[in-house]
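Q: Residues per chain, in single letters:
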Amino acid sequence: MSYITKPQVGHPGLPKNALGLTRRDYEGSMSTLCAGCGHDSVTAAIVQTFFDLDIEPHRVAKMSGIGCSAKTPTYFLGEAHGFNSVHGRMPAVATGASAANRDLTVIGISGDGDSLSIGLGQFCHAIRRNVNMLYVLENNGVYGLTKGQFSAAADLGSKSKRGVPNLQPPIDPVTLALTLGATFVGRGFSGDREQLVPLLKAGLLHQGLAFIDVISPCVTFNDHEGSTRSYLYTRDHHHDVAPIDFVPLRKEITTTSRIGTTTTVTMHDGSEIRFRKVGGDWAPTDRVAAYEHYRRLAAKGDVVTGLLYVEEGGGDMHAQNRTVSEPLYDQPFEKLCPGNDALQELQKGMR
Amino acid sequence: MQERNTDRVNDFALKIGTVNGTGSASANSLLMQAIFRMGVPISGKNVFPSNIQGLPTWYEVRVSRAGYTGRTPDFDLFVAMNPATYERDIREVRSGGYVLYDSSWPLDPMLDREDVTFLGIPLGAMCVEEFTGSRQRILMKNICYVGALAALLDLDLEVIRGMIGEKFSRKAALVESNYRAIDMGHAYAVEHLECPLPIRLAPMNANDDSIIIDGNTALGLGCVYAGATVGAWYPITPSTSVMDGFTDFCERFRIDPETGEKRYLIVQAEDELAAAGVVIGASWAGARAFTPTSGPGISLMSEFIGLAYYAEIPSVFVNVQRTGPSTGMPTRTQQGDILLCAYASHGDTKHILLFPANPSECFHMAVEAFDIAERFQTPVFLVSDLDIGMNDWVCPRLEWDDDFRPDRGKVLGSKELADLERFFRYVDWDGDEIAARTLPGVDPKGAYFTRGSGHNKYGGYTEDSAEYVEVVDRLLRKVASAGEVISAPIVRDGEDAKYGLITVGGCESACLEAVDALAEEGIGLDYMRVRAFPFHSAVEDFLARHEVNFVVEQNRDGQLRTLLTLETSARKEALLSVRYYGGFPMSRHHVVEGVHAHLNGAQT
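Just so you know, the protein sequences line up as chains E and S, in that order.
Per this note's numbering, the first sequence starts with residue 1, numbered consecutively.
Per this note's numbering, the second sequence starts with residue 1, numbered consecutively.
If you're looking for bench data, these hints aren't it; they were derived computationally from the structure.
Some hints here could point you the wrong way.
Below 25 Å or equal to it, Euclidean Cα-Cα: the simulated DSS-like pairs (lysine-lysine) are [claimed, not checked]:
(1) E/K348 / S/K167
(2) S/K350 / S/K478
(3) S/K171 / E/K348
(4) E/K335 / S/K410
(5) E/K335 / S/K415
(6) S/K262 / E/K335
These stretches of chain S come out as covered by chain E in the derived footprint (C-beta under 8 Å, 3 or more residues) [claimed, not checked]:
(7) 206-220
(8) 229-236
(9) 267-273
(10) 277-290
(11) 298-311
(12) 402-409
(13) 448-454
Please read all numbers here as calculations on a predicted model, not as lab measurements.
No residue lacks a Cβ here, since even glycine has one placed at the ideal position from N, Cα and C.
So here's chain E without its partners, still in its complex pose (with noise of 0.2 Å):
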């Protein structure tokens, strides 16, 4: 449905941000998904977080794969430099990118077949190169472009719409990207927005590779009875693990005064995240802690959300390499080629 195109001009009562943005300078084009898609309200969710957080649109890649999920980004942030590309491969050209101009936001967006079958090597060596980058997972449990099939992250015993159980254990993203190493790993759901947007902010600046599982219901085929992806399921065994409070490096908070802050996390620009209700023998500092808590509450039934792990000061990759601080794509040629002198020079021990 992209010839529908959605008004130009916003309402001159718009909320700004503090670039003088509103929030449709945020969005992208109609989204041509499901009405009812999860995958939407992400998509909702991520606008709100970059408006925000006062981002530049220009200053973002956004990528993705194929499949549902990699058509989102054309429907957030118009302005900045999407690359939609191969199946399962989004975080290699990510990688690259981020290579090239460490400068630029990146954020990936792909879901579970993306991630989790064809590309599961990319994702997990992407968590271990610890690519500056936010990675959302839209994680709905089956194929919604070829119409339905299983997907790696389908539950043990989950029905599909024809009644028929899945018979293979899923692959689940969160313990995944935990015993890789991932330097930050949450999980939101596409239903609960005021949970997933301050994720979304604590993951767009955290430095390394935020890995956001995001449960994103697929009303056309994974929405019945029987499925453990559906809204009705999701909502019913929900768990947040523990609410947070992203507070921006500037920001004080403004929103309703939340009570009972245990833990805080200080993030690598000043910025920080509050945890409430941290207790017993889980912190998200602690990733055995963490993997033994959601597995714990995983086992009972429980979609477990929330922040479950953050290790900031982890080294990226451009730290791991210790590479110049300027961009790699803009260094003045004179510094990258050593010249004629330094060739003769060379030359002589190659006799």
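Mind docking chain S on chain E? Use the hints.
A: Okay, now just chain S, sitting in the frame of chain E:
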């Protein structure tokens, strides 16, 4: 009875058979370097197994005062150090030649040949006596045969000693033991054998302005000089040393001396697919990025290559070809990926290829590849091979023009964008088939959506057939137009030439030698080496000038010939194929015999 040799100064070939992992490689390069320093034209070919330790390995040295560098299978001397391969090694020596062997153990009488001279030196026994520890004894045995060869071939002992001194300048103990090994081998040969042999060396000055370098190292160096900042790769023989070279030179030239920070980033990816993706992402974001690989890697990268072609993202793919298909023979050479690279990926695709023939061209074409990729916004393949890439070649000293500035192609910045009413990614404003691009992060006006799905010239998604055709037709014209800009073929007209001989890449050495040999027989040939695809108009001209052209290449199916029939107006019947594809570098005799076969066939 054996026939006596007349003296053959600076014109012979020898082959050394050793065991992989015994340190013979450094002994052999010592030998090559010593001959090089005597100013004598030399080429060395390493014939090695896909193995780290224990399997047979060979090293071939050809000395040619005429300057021929092609592989020759006519070995005048065999240095047989591996009893496991004695039988086949001794068979390889030409009649009247020599076999140098380790006489610590008696030679099986079954191996005797009456038409060759056996030169026994008890290398093993001498080293056991002289050195301690099994590892040192094995290593020094190799150095010891170099000493013996110095006496037999009249190689300047001082040159060798000088090189050992340079090589181990920080390890005095090693210098001393290497000296002893060299002297021991030399002294034994002088005392017990007739030295020098009729095949021997005499100083020349052919190498005054030359260096020894392998193609992969030269290519890695070229990438540094081209200004590449992002390299992504997955290790694969025989391309690994491209990235090794790039890494070494970056460490030398690209680390800020004050801060220790790097002006480059190398990603060792999880596979070739990811390596291609990193290159495409980095190029999209404006860096010069490349990936070195071999045929199997290109197979894996093909999906991404199609994306780069269709989305018009500059990218450089280095294919150091090895023997296919499938895993094939990873340590043997071939030119079996010509068609694969020309049309890599599904759908209608066609790519720009550059074919270096030697390390000098590896260096210069690396620079050319980035310029062409950025100018035409498309993948460029540097199609090298194992022989060029991994063997040491004597090349003219490399020169660099300090006035060179890279051609970054049409990239619009904020200033240029300000003059535009609106930016559209795939609109060709000036009719040269190339649309301007923008880089992410630079200017809001330059934003666009890059996609491998159907798009119109405005960059928008399309399923409209006219819009689709408009874009892919321009791509066809765009890549075709590169043909006149990229490296033109090398053409050398012969005297009274009736036929043409066309070749590509590393076949050049064998072909040039064959052309000379055939000329002496009265078969005059014009010579052309294709250096790039799409073909330059000079290729068409050459084809048109000859009723018959021999097409010489190293693959079973005559891929260059196929490409010529597909992409030029040459008649298929006018292109006679001469092929050798057994995994070794091509030799003169392959070409000569191939041409003879065709001519004899034509006569009957």
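Q: Each hint needs a verdict: does it hold in this structure or not?
A: Structure-based check of each hint:
With a C-alpha separation of about 14 Å, the suggested pair E/K348 and S/K167 falls inside the 25 Å cut-off, and the hint holds. With a C-alpha separation of about 10 Å, the suggested pairing of S/K350 with S/K478 holds against the 25 Å cut-off. The suggested pairing of S/K171 with E/K348 holds, with an alpha-carbon distance near 21 Å, which does not exceed 25 Å. Distance restraint check for E/K335 and S/K410: the Cα-Cα separation of roughly 22 Å lies within the 25 Å cut-off, and the hinted pair is therefore satisfied.
With a C-alpha separation of about 24 Å, the suggested pair E/K335 and S/K415 falls inside the 25 Å cut-off, and the hint holds. Distance check on the hinted pair: S/K262 and E/K335 sit about 11 Å apart at the alpha-carbon level, within 25 Å; holds. Only when three residues or more bring their CB closer than 8 Å to a CB of chain E does the claim for the region 206-220 of chain S stand; here the count is 5, and the claim holds. Coverage of the region 229-236 of chain S by chain E holds. Counting CB-CB distances below 8 Å, 3 residues qualify, and the rule asks for three or more.
For the region 267-273 of chain S, the stated coverage by chain E is satisfied: 5 residues place a CB nearer than 8 Å to a CB of that chain, which reaches the threshold of 3. Check result for the region 277-290 of chain S against chain E: holds, 12 residues qualifying (beta carbon to beta carbon below 8 Å, three or more required). With 3 residues having a Cβ less than 8 Å from any Cβ of chain E, the region 298-311 of chain S passes the three-residue criterion, so the hint holds. A stretch counts as covered by a chain when three or more of its residues have a beta carbon under 8 Å from one of that chain; for the region 402-409 of chain S and chain E the count is 4, and the coverage holds.
Counting residues of the region 448-454 of chain S whose beta carbon lies closer than 8 Å to any beta carbon of chain E gives 6, which reaches the threshold of three, so the coverage claim holds.
Going down the numbered hints, you'll see the structure goes against none, and every one checks out.
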